[in-house]
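Here the protein sequences line up with chains A and B, keeping their order. For what it's worth, my numbering labels the leading residue of the first sequence as 1, then goes sequentially. For what it's worth, my numbering labels the leading residue of the second sequence as 379, then goes sequentially.
Hints are supplied without guarantee of correctness; some may be wrong.
[What the hints assert, rightly or not] Taking beta-carbon pairs under 8 angstroms as the criterion, some of the chain A residues facing chain B (in silico):
(1) N56
(2) Y182
(3) M286
(4) L290
(5) V316
[As the list claims (entries may be wrong)] Okay, the calculated beta carbon distance ranges per label pair:
(6) Q607(B) / E204(A): 48 to 58 angstroms
(7) Q541(B) / T52(A): 24 to 34 angstroms
(8) G209(A) / Q559(B): 54 to 64 angstroms
(9) A120(A) / K595(B): 42 to 52 angstroms
(10) Q541(B) / A120(A): 12 to 22 angstroms
(11) G251(A) / G576(B): 40 to 50 angstroms
(12) G576(B) / S112(A): 20 to 30 angstroms
(13) R554(B) / E161(A): 34 to 44 angstroms
(14) Q45(A) / Q607(B): 15 to 25 angstroms
(15) V533(B) / D148(A): 48 to 58 angstroms
(16) P41(A) / V533(B): 50 to 60 angstroms
[What the hints assert, rightly or not] Chain A is nowhere near these chain B residues, computed Cβ spacing over 12 angstroms in every case:
(17) T503
(18) D509
(19) I514
(20) Y516
(21) G517
(22) F524
(23) K560
(24) G569
(25) G594
(26) S600
Bear in mind the hints are in silico, worked out from the structure with no lab data behind them. Ideal Cβ placement from N, Cα and C applies to all residues, glycine included.
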Amino acid sequence: MKKQILSVLAVLCVLSMLCLTAFAAPHSAEEEKVAAWLGNPENTQFDYEETTFVDNLIDWTAFSLARAGKPAPSEYADYINAAVANSFDAMYPSDLARTVLAVTANGMDAKSIGGHDLLAALAAVDYSSQIYLSSLNSPLLAMNFKSDFPFDAALKATLVESLLAVQQPDGGWAYCSVDQGYGVYSDADSTAMTVQALAPYYTENEAVGRAVDKALAYLQAQIGATGALEAWGAPSGESTAQFILALCELGIDPTDNVYTNNGKTLLDGVKSFITENGGARNYQGMEDPLTTYQVLLALNAANRYAEKRESVFTYVEKTEDPTNPVPNVSSDSENATTADNVSQNVEIPKTGPAVTATGAFAAVLCAGAVCTLRKKDA
Amino acid sequence: MPLCFARVQYVHCVKKMRKRVLSFLLIFSFLLCACQKQPATEVPSEPHAESSAASENTEELSSRPDVSENLSAGGISAPDVNENPSVGVQNADNTPKSNTGANGAAAPSGNQNVQLPAEAPKQNTASFSVDCKNAIDYGILDNPNFAGLLPQNGVILSDGNVQFTEGESAMTVLKRVLKSQKTVCQITSGGYVKSIAGLSEKDCGETSGWLYRVNGKLPNVSCKYYKLQTGDRVEFIYTCRMGDVGEY
Chain A
1 MKKQILSVLA
11 VLCVLSMLCL
21 TAFAAPHSAE
31 EEKVAAWLGN
41 PENTQFDYEE
51 TTFVDNLIDW
61 TAFSLARAGK
71 PAPSEYADYI
81 NAAVANSFDA
91 MYPSDLARTV
101 LAVTANGMDA
111 KSIGGHDLLA
121 ALAAVDYSSQ
131 IYLSSLNSPL
141 LAMNFKSDFP
151 FDAALKATLV
161 ESLLAVQQPD
171 GGWAYCSVDQ
181 GYGVYSDADS
191 TAMTVQALAP
201 YYTENEAVGR
211 AVDKALAYLQ
221 AQIGATGALE
231 AWGAPSGEST
241 AQFILALCEL
251 GIDPTDNVYT
261 NNGKTLLDGV
271 KSFITENGGA
281 RNYQGMEDPL
291 TTYQVLLALN
301 AANRYAEKRE
311 SVFTYVEKTE
321 DPTNPVPNVS
331 SDSENATTAD
341 NVSQNVEIPK
351 TGPAVTATGA
361 FAAVLCAGAV
371 CTLRKKDA
Chain B
379 MPLCFARVQY
389 VHCVKKMRKR
399 VLSFLLIFSF
409 LLCACQKQPA
419 TEVPSEPHAE
429 SSAASENTEE
439 LSSRPDVSEN
449 LSAGGISAPD
459 VNENPSVGVQ
469 NADNTPKSNT
479 GANGAAAPSG
489 NQNVQLPAEA
499 PKQNTASFSV
509 DCKNAIDYGI
519 LDNPNFAGLL
529 PQNGVILSDG
539 NVQFTEGESA
549 MTVLKRVLKS
559 QKTVCQITSG
569 GYVKSIAGLS
579 EKDCGETSGW
589 LYRVNGKLPN
599 VSCKYYKLQT
609 GDRVEFIYTC
619 RMGDVGEY
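Using the sequences and the hints given, assemble the complete structure.
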């Protein structure tokens, strides 16, 4: 009898450990791994001091890491202030938009960067004359980012209309709406990024709803056998990541059956680009910060979706409420001006460790019980 | 009696075994718990099956690695242009030099002083040049902002040998060479050349900007990812419109 109880307990013990291995590596472990790679200066080799202009890759990396709970290094603030001060007049609308996203996500004030008010600059752009898609979709994405940004509804409506006007007949969007000598083609990245910007208007605006549905069909048709988009003739980590971001902004499960091909979800697809080091491969098979920040954003978006947190492109300032020390779903993740916040940021991806801890606890309990029984036996 | 003894022995053995098994299980469970917690903070230890899946990127066709960089840069940029399937290869007739037989690594084209020293086998050298003749032809010098800035003949860096160490990229070496002759440049972290000597993308029209050729070919990676081979001939060239920089 005792023997039986013992063996049952032993089996339980083993089972609980098996559970551990099955569940303890949730998305967040992967997200952590990729964030660690991207946060390592040896991998990115950014030269903050020598970079005297706003740098796409540096800014998106700072944005992505901040959204994943890792504030940018201290050099970032110095670089971005100097770069904006130095190259403000040469900044494209997309530069303004990206900088707004990156600094806001890192707890800085977009109204005062390098002596310029980037929000005012973004509002002052003449959007009717823009032919590059990124001069429309990036600004709209930035304007949507924080609810108290001072952009009026009419301005956003203008941007929405401008975007709808340049949707291609195939449902996609093209990088440039005017032929520069090599045609006007829809592409997956441009399309997915535009959907991200249009997402907040999806339900309230019927025209947006129709346009986005068409775009989703356009994107869905490009999913290949690995679950990744095969947008440029080969599976693309970047395109797949952008599609996941678009779906998550819309509140659609990125592992939804509709976007699963050959049993592989988009998330499987995007993960297939991650190396054992945590970097993500570009189309040439090399670990590349450009691919990695996009893959990180996609993993982060999927985790936010799974944990019912606000989306990547919805910034909710952390509310300082001492009466409510346990942060609720909507306010836990944001960052990052005070040391207090930083420490909170470090603990963000909780599911992994939490599950691990619970499992470990169960295993120890079982083992303890086995021990006690055995003693009694003796 | 002997039988009884045997039984006692047996029971003893079993108990010992059980003890061992149990302690093993205990230790094992603790170890496992400890291991499980690591991947959250530590990177390399755990081999994830799905992450080591082989790359399917067998071909380097038209995928644009810089697409989002270029998208958000709001402009047509040189690496973008040269990675576009429809550009680059087609304008053989516009090629500035018509050296038909030039091929591959150590074949410098005709007129230049790039005779590679055969006596320096372990020295890694490549030749670098930077020219903006197309911008001069476009009439950039009529613009007062550029009048004194750019050389009349468009040669910003004349073809010459540069030393590099194994594994260095075209970007790293270009930056070093320009710095040594005090020419300013803006090269993004992604390896996109925005400007050299004050001449920027779009200064000569929407599709103008810097691109580069290695041994006469337009590589389909940014110069950050082009690893130099000894004997390479690297040319950074300003393009104003499609077709004014071809391959040879």
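Self-check item: Ascending list of hint numbers which this structure does not respect
Solution: Result: hints 5, 10, 13, 16, 24 and 26 break, sorted rising.
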